[in-house]
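A.B. asks: When you get a sec, could you build the whole thing from the sequences and use the hints?
These protein sequences, in sequence, are chains E and P.
The first sequence begins at 1 in our numbering and counts up by one.
The second sequence begins at 364 in our numbering and counts up by one.
I should point out that these hints are in silico values taken from the structure, not numbers from a laboratory.
Take the hints with a grain of salt, since some may be wrong.
In silico EDC-like pairs for lysine to aspartate or glutamate, Cα to Cα no more than 20 Å straight-line [stated by the list, open to error]:
no., chain 1, residue 1, chain 2, residue 2
1, P, 826, E, 251
2, E, 256, P, 602
3, P, 721, P, 417
4, P, 398, P, 649
5, E, 256, P, 610
6, P, 513, P, 627
7, P, 721, E, 128
8, E, 256, E, 241
9, E, 169, P, 417
10, P, 826, E, 252
11, E, 22, E, 78
12, P, 723, P, 737
13, E, 109, E, 141
14, E, 22, P, 571
15, P, 826, P, 602
16, P, 527, E, 78
17, P, 524, P, 564
18, P, 866, E, 303
19, P, 728, E, 141
Keep in mind the model is a prediction, meaning the values are calculated, not measured.
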Amino acid sequence: MLENNLESALKSRGFSRRQLVKFCSATLATLALPERYLAQTVAAVSKVRKPVLVWLQFQDCTGCSESMLRSSHPEVADVVLDLLSWEYHEVIMAGAGAAANHVLDRVVKEEKGKYIVVVEGAIPTGADGMYCTIGGRTALDIANQVCSNAAATIAVGACAFDGGLVRAKPNPTGALGVHEAVPGLKVINMAGCPHNPANTAAVLVHYLTFHDVPDLDQYNRPLFAYGRVIHDQCERRAHFDAGRFVTEWGDEAHRKGWCLYKMGCKGPEATFNCPIVQWNDHTSWPIRAGHGCIGCASPRFWDHMSPFYDRLPSVPGFGVEASAGMLGVGMVGAAIAGVTVHGLIRTIKPIPYPADVRTGEEN
Amino acid sequence: MSERERKTNMSRIVVDPVSRIEGHLRIEANLDGGKITDAWSSGTMFRGIEMILEGRDPREAWIWAQRICGVCTVVHAIASVRAVEDALQIEVPDNARIVRNIISGAQMVQDHVIHFYHLHALDWVDVASALKADPVKTSSIAQSISDCEKSSANYFRGIQKRVKGVVDSGQLSLFASGYWGHPAYTLPPEVNLLAVAHYLEALSWQKDFIRLHAVLGGKNPHPQSFLVGGMTTAMDPNEPAAVINPERIDLLLDLCRGAKKFVDEYYIPDVLAIAPMYKDWLTRGEGLGNFLSYGDYSSGNQNDPSTFLFPRGIVMGRDISKVLPVDPSKITESVAHSWYEYEGGDANPLHPSKGETKPKYSGPKAPYEHLDVDAKYSWLKAPRYDGKPMEVGPLARMVVGYAAGKKEIRDAVNGALKALNAPPSVLFSTLGRIAARALEAQLMANQLEGWVNELSSNLAHGKTTIFNPVRWDPGSWPSSASGHGWHEAPRGSLGHWVEIEGKAIKNYQAVVPTTWNAGPRDAQGQRGAYEMSLMNTPVADPNRPLEILRTIHSFDPCIACAVHVIDAQGREYTIPRVA
Numbered sequence: 001m002l003e004n005n006l007e008s009a010l011k012s013r014g015f016s017r018r019q020l021v022k023f024c025s026a027t028l029a030t031l032a033l034p035e036r037y038l039a040q041t042v043a044a045v046s047k048v049r050k051p052v053l054v055w056l057q058f059q060d061c062t063g064c065s066e067s068m069l070r071s072s073h074p075e076v077a078d079v080v081l082d083l084l085s086w087e088y089h090e091v092i093m094a095g096a097g098a099a100a101n102h103v104l105d106r107v108v109k110e111e112k113g114k115y116i117v118v119v120e121g122a123i124p125t126g127a128d129g130m131y132c133t134i135g136g137r138t139a140l141d142i143a144n145q146v147c148s149n150a151a152a153t154i155a156v157g158a159c160a161f162d163g164g165l166v167r168a169k170p171n172p173t174g175a176l177g178v179h180e181a182v183p184g185l186k187v188i189n190m191a192g193c194p195h196n197p198a199n200t201a202a203v204l205v206h207y208l209t210f211h212d213v214p215d216l217d218q219y220n221r222p223l224f225a226y227g228r229v230i231h232d233q234c235e236r237r238a239h240f241d242a243g244r245f246v247t248e249w250g251d252e253a254h255r256k257g258w259c260l261y262k263m264g265c266k267g268p269e270a271t272f273n274c275p276i277v278q279w280n281d282h283t284s285w286p287i288r289a290g291h292g293c294i295g296c297a298s299p300r301f302w303d304h305m306s307p308f309y310d311r312l313p314s315v316p317g318f319g320v321e322a323s324a325g326m327l328g329v330g331m332v333g334a335a336i337a338g339v340t341v342h343g344l345i346r347t348i349k350p351i352p353y354p355a356d357v358r359t360g361e362e363n
Numbered sequence: 364m365s366e367r368e369r370k371t372n373m374s375r376i377v378v379d380p381v382s383r384i385e386g387h388l389r390i391e392a393n394l395d396g397g398k399i400t401d402a403w404s405s406g407t408m409f410r411g412i413e414m415i416l417e418g419r420d421p422r423e424a425w426i427w428a429q430r431i432c433g434v435c436t437v438v439h440a441i442a443s444v445r446a447v448e449d450a451l452q453i454e455v456p457d458n459a460r461i462v463r464n465i466i467s468g469a470q471m472v473q474d475h476v477i478h479f480y481h482l483h484a485l486d487w488v489d490v491a492s493a494l495k496a497d498p499v500k501t502s503s504i505a506q507s508i509s510d511c512e513k514s515s516a517n518y519f520r521g522i523q524k525r526v527k528g529v530v531d532s533g534q535l536s537l538f539a540s541g542y543w544g545h546p547a548y549t550l551p552p553e554v555n556l557l558a559v560a561h562y563l564e565a566l567s568w569q570k571d572f573i574r575l576h577a578v579l580g581g582k583n584p585h586p587q588s589f590l591v592g593g594m595t596t597a598m599d600p601n602e603p604a605a606v607i608n609p610e611r612i613d614l615l616l617d618l619c620r621g622a623k624k625f626v627d628e629y630y631i632p633d634v635l636a637i638a639p640m641y642k643d644w645l646t647r648g649e650g651l652g653n654f655l656s657y658g659d660y661s662s663g664n665q666n667d668p669s670t671f672l673f674p675r676g677i678v679m680g681r682d683i684s685k686v687l688p689v690d691p692s693k694i695t696e697s698v699a700h701s702w703y704e705y706e707g708g709d710a711n712p713l714h715p716s717k718g719e720t721k722p723k724y725s726g727p728k729a730p731y732e733h734l735d736v737d738a739k740y741s742w743l744k745a746p747r748y749d750g751k752p753m754e755v756g757p758l759a760r761m762v763v764g765y766a767a768g769k770k771e772i773r774d775a776v777n778g779a780l781k782a783l784n785a786p787p788s789v790l791f792s793t794l795g796r797i798a799a800r801a802l803e804a805q806l807m808a809n810q811l812e813g814w815v816n817e818l819s820s821n822l823a824h825g826k827t828t829i830f831n832p833v834r835w836d837p838g839s840w841p842s843s844a845s846g847h848g849w850h851e852a853p854r855g856s857l858g859h860w861v862e863i864e865g866k867a868i869k870n871y872q873a874v875v876p877t878t879w880n881a882g883p884r885d886a887q888g889q890r891g892a893y894e895m896s897l898m899n900t901p902v903a904d905p906n907r908p909l910e911i912l913r914t915i916h917s918f919d920p921c922i923a924c925a926v927h928v929i930d931a932q933g934r935e936y937t938i939p940r941v942a
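C.D. replies: Quick look at the structure:
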């Protein structure tokens, strides 16, 4: 009976069951969840009444929107038309001006407590917020209203996560990430410059399926995406262990794909599933393209990971254990935080950032 | 609102946010007798990226500058490495020129396709009307305009069913807020269905094609393979891990051929099918009539404009009988109506090299209904050339190239004019911009495979140099240096200027396409390109100003790019060295 309803609901949307199952399987793989969740996932994402999503853009470059449009599993059209009712997203929505503002007002009122809000871009607090206005309202005002009434807030990209590039020193506009600009929110942070759409799609599906978010680390980033050091997942790792390094761009070592550590690669200090999930339908990732990692999913990476071509001061020892240990405190903390917040999305309290991350402007 | 407005019955239309663009744009327009009598363009977001760049390593400036925009994601990276290479007098290897051409050419093709289908089409295409279409008729239209394989009645029936499913669910998603049923939508249902189908095809295609950026840059948006002095895309004919090897060449070729096929079989036929049904728009949205192109895409020496695919030049007052040279010293920026201060008085425009900027918001407190357009009203400055406002972008490139007698451009433009049975004057219009962009996408799609073949030939012949190491070590730099880098980005002429002192960035400046087009009035009260192009545009329903969107979108606005600050401390720049 349920099966029949599901089939007909899908058919009416011109969406084959095969397509749906394929997309759910891919999502489970990204989340590293067992196949036994497949039926539950399929049922959740094929609900007749789709959950509403609004996507806000503030001090952004629209790169995170563009990244979402590159989603290949699920296909972007499936996400925005079938998985969710994607009702407000300035870069791609049909309506403009009053018609657009009306949609946002309607969602906040009629879907109160039920909709998902995605935020892209930092939020300026300088000049009374006038560094970013939409429809005559400040970004801060809009974020306060729309995020506070949502079921869940997802901050995509470095800027929404912690202010990103906009907040890099001297932070001319007093820019902040969402969780700081709107204190007390339940924010899921999809760090990265840009965020990886495979991860964000997986979080959306996870949320629709389990009404919950995946396990998070101390920065409220999902562990499945941010829980491993890039260096430990890197295809060039064997060269690091063997002491084979690129020492000049375009040299023989560079042509052979040796380790980029001496060219400034931040892989040993950064976490992200970039080497595993990769980008653009698993085509490549920056280290594969011959450039060091810039640690773009790390907190305050613009100030903390640059200069990008300077070698990390010390990556002790060789071998997996040693380098994981080097990151010890941070990563162990992340794992513990992840366990404690699991299943408690409605009671998540903002987790204090380390002092050097929080105090921003001067460092 | 102005005094005059208060005393008369003119109504003020506000469009904010202008959606389906990059960034935060607000348009205010006066309507009188059903026509726009005046208009103001305002950028409503500011970040200050150039201030953030000060004191940093110029070799990594491109990584930061690239984030000026994630839609035209590579253009600021290219302009930035060119500016630093100019300052440090670094010649890049030929392979790096080719790889940069492929990356930025691919950006142009993909960006133009996304613009037409996803940012602009819904101004002309009524999604709701597509439900009334007869898929059999749509199929025959499709087959009459293109060799595209996906053209059966069953295919269009499937698309229609999918759209109907979305509409019937009562949850219209992205389409929830459209002006469906607006009287200005005049396409027959069958053409609307065709366009909706191709909207979805383009959505799928754009993400597949841009895998090219992942191959040559690790990811898109924000590919990560540029270097001051070359690229990181190491080439080796015998190495599996080389970024460019024979297997990767094959993938690149496949992607480039796919792009050409998509442009030839979808984009061009769709533009040529839709344009004749909106002939009024061949005479609306004319704009300034002044066009600027820095020129770009060299076949050899990047410093020699005669090798460019898109010529460098200026056309003034729609006079295509002559092309004027570009004199960089004639570029100025005004802040008379922008939220910045000049120490010598806001009425005096300054050359970028002597630029000084202090952001100072002086508009109304939020929430506000109207801007004070008699005073300052935008975060964009107002660039001028020889005191005149200019239009940049695909239309400017096609007009300058046409006037300069560039064969590929003349042939393409003449072909389109013949298909539309129209004289060259129709280029100066809203539809002219759309057609110019499509033609340019086709010109570029035709180039891509050739560049990959050049790369392949170099690879096969052992010419694998991709980086010039001579100035990588900052110890090899002079104590101070300055330079500029220009690029023809999808939206038009882009320039970065950099000043280096003590191995760090002293000053950085970007003058970008959308600042030229979307900037506000200057001290003389001259309107910018957007503002001018809206004059006399009829608006059928002030509550649903579809006509404003049509013309503004024809420029493909990119506001994050356009808002920039030169130097908040108000220090003077040295004069950039310009060719």
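A.B. asks: So, for every hint listed, does it hold in this structure?
C.D. replies: Results for each hint:
At most 20 Å may separate the alpha-carbon atoms for a hinted pair to count; residue 826(P) and residue 251(E) meet this at roughly 13 Å. Of the pairs offered as hints, the one joining residue 256(E) and residue 602(P) holds, with about 6 Å between alpha carbons and a cut-off of 20 Å not exceeded. Proposed proximity of residue 721(P) and residue 417(P) is supported: the alpha carbons are some 15 Å apart, at most 20 Å. With a C-alpha separation of about 15 Å, the suggested pair residue 398(P) and residue 649(P) falls inside the 20 Å cut-off, and the hint holds.
Distance hint between residue 256(E) and residue 610(P) is fulfilled; the C-alpha atoms sit about 15 Å from each other, no more than 20 Å. Among the hinted pairs, residue 513(P) with residue 627(P) is consistent with the structure: their alpha-carbon atoms are about 14 Å apart, no more than 20 Å. The hinted pair formed by residue 721(P) and residue 128(E) meets the criterion: a straight-line CA distance of about 17 Å does not exceed 20 Å. Restraint check: the Cα-Cα separation between residue 256(E) and residue 241(E) comes to about 15 Å, which is no more than 20 Å; the hinted pair holds.
The suggested pairing of residue 169(E) with residue 417(P) holds, with an alpha-carbon distance near 10 Å, which does not exceed 20 Å. With a C-alpha separation of about 13 Å, the suggested pair residue 826(P) and residue 252(E) falls inside the 20 Å cut-off, and the hint holds. Distance restraint check for residue 22(E) and residue 78(E): the Cα-Cα separation of roughly 12 Å lies within the 20 Å cut-off, and the hinted pair is therefore satisfied. A hinted pair counts as satisfied when its Cα atoms are at most 20 Å apart, and residue 723(P) with residue 737(P) qualifies at roughly 16 Å.
Pair hint residue 109(E) plus residue 141(E) holds up; C-alpha atoms about 16 Å apart against a cutoff of 20 Å. Our distance criterion of 20 Å between C-alpha atoms is met by residue 22(E) and residue 571(P), whose separation comes to about 18 Å. Taking the CA atoms of residue 826(P) and residue 602(P), the gap is about 15 Å. The hint holds against a cut of 20 Å. A C-alpha spacing of about 15 Å is found between residue 527(P) and residue 78(E), which places the hinted pair at or below 20 Å, so the restraint holds.
Distance hint between residue 524(P) and residue 564(P) is fulfilled; the C-alpha atoms sit about 15 Å from each other, no more than 20 Å. Restraint check for residue 866(P) and residue 303(E): the C-alpha separation of about 18 Å stays at or below 20 Å, so the hint holds. About 12 Å separates the Cα atoms of residue 728(P) and residue 141(E), which keeps this hinted pair within 20 Å; it holds.
The structure fails none of the hints (numbered hints given earlier).
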